[in-house]
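Undergrad: Listed here are the chains, written in short residue letters.
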Amino acid sequence: GAGVSQSPRYKVAKRGQDVALRCDPISGHVSLFWYQQALGQGPEFLTYFQNEAQLDKSGLPSDRFFAERPEGSVSTLKIQRTQQEDSAVYLCASSLVRQGVTQYFGPGTRLTVL
Amino acid sequence: AQTVTQSQPEMSVQEAETVTLSCTYDTSESDYYLFWYKQPPSRQMILVIRQEAYKQQNATENRFSVNFQKAAKSFSLKISDSQLGDAAMYFCAYAGFGNEKLTFGTGTRLTIIP
Numbered sequence: 003g004a005g006v007s008q009s010p011r012y013k014v015a016k017r018g019q020d021v022a023l024r025c026d027p028i029s030g031h032v033s034l035f036w037y038q039q040a041l042g043q044g045p046e047f048l049t050y051f052q053n054e055a056q057l058d059k060s061g062l063p064s065d066r067f068f069a070e071r072p073e074g075s076v077s078t079l080k081i082q083r084t085q086q087e088d089s090a091v092y093l094c095a096s097s098l099v100r101q102g103v104t105q106y107f108g109p110g111t112r113l114t115v116l
Numbered sequence: 126a127q128t129v130t131q132s133q134p135e136m137s138v139q140e141a142e143t144v145t146l147s148c149t150y151d152t153s154e155s156d157y158y159l160f161w162y163k164q165p166p167s168r169q170m171i172l173v174i175r176q177e178a179y180k181q182q183n184a185t186e187n188r189f190s191v192n193f194q195k196a197a198k199s200f201s202l203k204i205s206d207s208q209l210g211d212a213a214m215y216f217c218a219y220a221g222f223g224n225e226k227l228t229f230g231t232g233t234r235l236t237i238i239p
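Chains A and B are the protein sequences, given in the same order. For what it's worth, my numbering labels the leading residue of the first sequence as 3, then goes sequentially. For what it's worth, my numbering labels the leading residue of the second sequence as 126, then goes sequentially.
For the record, the hints were derived by calculation from the structure and aren't laboratory data. Glycine included, each C-beta is placed from N, C-alpha and C at the ideal position. Keep in mind that a hint or two might mislead.
Sample of chain B residues facing chain A (criterion: CB under 10 Å; computed from the structure) [said to hold, decoys possible]:
(1) Val129
(2) Gln131
(3) Val138
(4) Val144
(5) Tyr158
(6) Phe160
(7) Arg175
(8) Phe189
(9) Met214
(10) Cys217
(11) Glu225
(12) Leu227
(13) Thr228
(14) Gly232
Chain B with its partners taken away, still in its complex shape:
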């Protein structure tokens, strides 16, 4: 079974600074998808960024980028120029090829310090 590990229960960053959230996963599959989801206090989960395992290029979405290390099974999220609205729980998630269900990590609570 696939597992996703987020070893940082809480992180904090000064507004306008950069922060990196860590995620590792365990799988025997070669094709899969990785996601970072954001869950603000209102509870609705929102996709931040996704990465296809077959793509070597790291995904980028505006201030959000990932460092995908397939051999190390690592998938970290970098948030640049942190904003107050970035405060939320961040979940790393895995979906195997041909299996759409998501396996989530336990989350990292990100606090932005004004």
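If we strip away everything but chain A, and leave its shape as in the complex, we get:
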């Protein structure tokens, strides 16, 4: 497809379980971003990749959150030992690597931790 895709669209996890969320960016997009969107809030930045390099992970809320993009395309956001406060929609976005360029968002993964 032409857009950013994410899978799964919905994920329910029991507290303490590990989860992995996948993002397929637009082909050719060098930059990839992860955002967390709590209910009723705006998205908040988690981490940023340029190709396979993770250039900014300042938004990751704890060391339970880990992201990778080993071949500079698909990215995975992993959350270990999930907690209820991790419940949110996780959005992925990709863009060309130019200043102020448009970020194209995926549909998000809604994570519910019970």
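Use these hints to put chain B onto chain A, whose structure you have.
TA: Here is chain B on its own, set in the frame of chain A:
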């Protein structure tokens, strides 16, 4: 740190009328980019319009235009001839020069009244 404030949690407008959504931001940078994104109930975030801070001319995209007041750090979105398809959450976002991550406001939910 940069902050983005949207003081209108909800707005409504009659179909075919004009509505203005407010956004203010705080930054110490002189070069940056501002965006309005639309998030319909399906959740996929879509760019509506963008503005480069160094450009004095306000951006326009069809029925959407902005009023960018750099000194006042204000960036409002005007939607003319409102249509039912404009109903969505609207987020104002900021990206600093040399820093691609987006900082979002809390959003304004726009309802179109037929």
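Undergrad: Work down the list of hints and note, for each, if the structure agrees.
TA: Right, here's what the structure says about each hint:
Contact between Val129/B and chain A, as hinted, is supported at the beta carbon level, the nearest pair being about 8 Å apart and thus within 10 Å. The interface hint given for Gln131/B holds, since its Cβ lies 8 Å from the closest Cβ of chain A, which is under the 10 Å cut-off. Of the supplied interface hints, the one on Val138/B is violated, with its beta-carbon coming no nearer than about 21 Å to a beta-carbon of chain A, more than 10 Å. The interface hint given for Val144/B is broken, as the beta carbon of that residue sits about 19 Å from the closest beta carbon of chain A, more than 10 Å.
With 10 Å as the threshold, the beta carbon of Tyr158/B comes within range of chain A, its nearest partner Cβ sitting at about 3 Å, so the hint holds. For Phe160/B, the shortest C-beta to C-beta distance to chain A is roughly 8 Å, which falls under 10 Å, so the interface hint holds. A cut of 10 Å between beta carbons decides the hint on Arg175/B: the least distance to chain A is about 7 Å, and the hint holds. The restraint placing Phe189/B at the interface with chain A is violated, with a minimum CB-CB distance near 14 Å, outside the 10 Å limit.
Among the interface hints, the one on Met214/B holds; its C-beta lies about 9 Å from the nearest C-beta in chain A, closer than the 10 Å criterion. Below 10 Å, beta-carbon pairs count as interface contacts, and Cys217/B has one with chain A at about 9 Å; its hint therefore holds. Below 10 Å, beta-carbon pairs count as interface contacts, and Glu225/B has one with chain A at about 6 Å; its hint therefore holds. For Leu227/B, the interface hint holds, the least distance from its beta-carbon to any beta-carbon of chain A being 6 Å, beneath 10 Å.
A cut of 10 Å between beta carbons decides the hint on Thr228/B: the least distance to chain A is about 7 Å, and the hint holds. With its C-beta approaching chain A no nearer than about 5 Å, Gly232/B sits inside the 10 Å limit, and its interface hint holds.
Hints 3, 4, 8, counting from the list given before, are not met by this structure.
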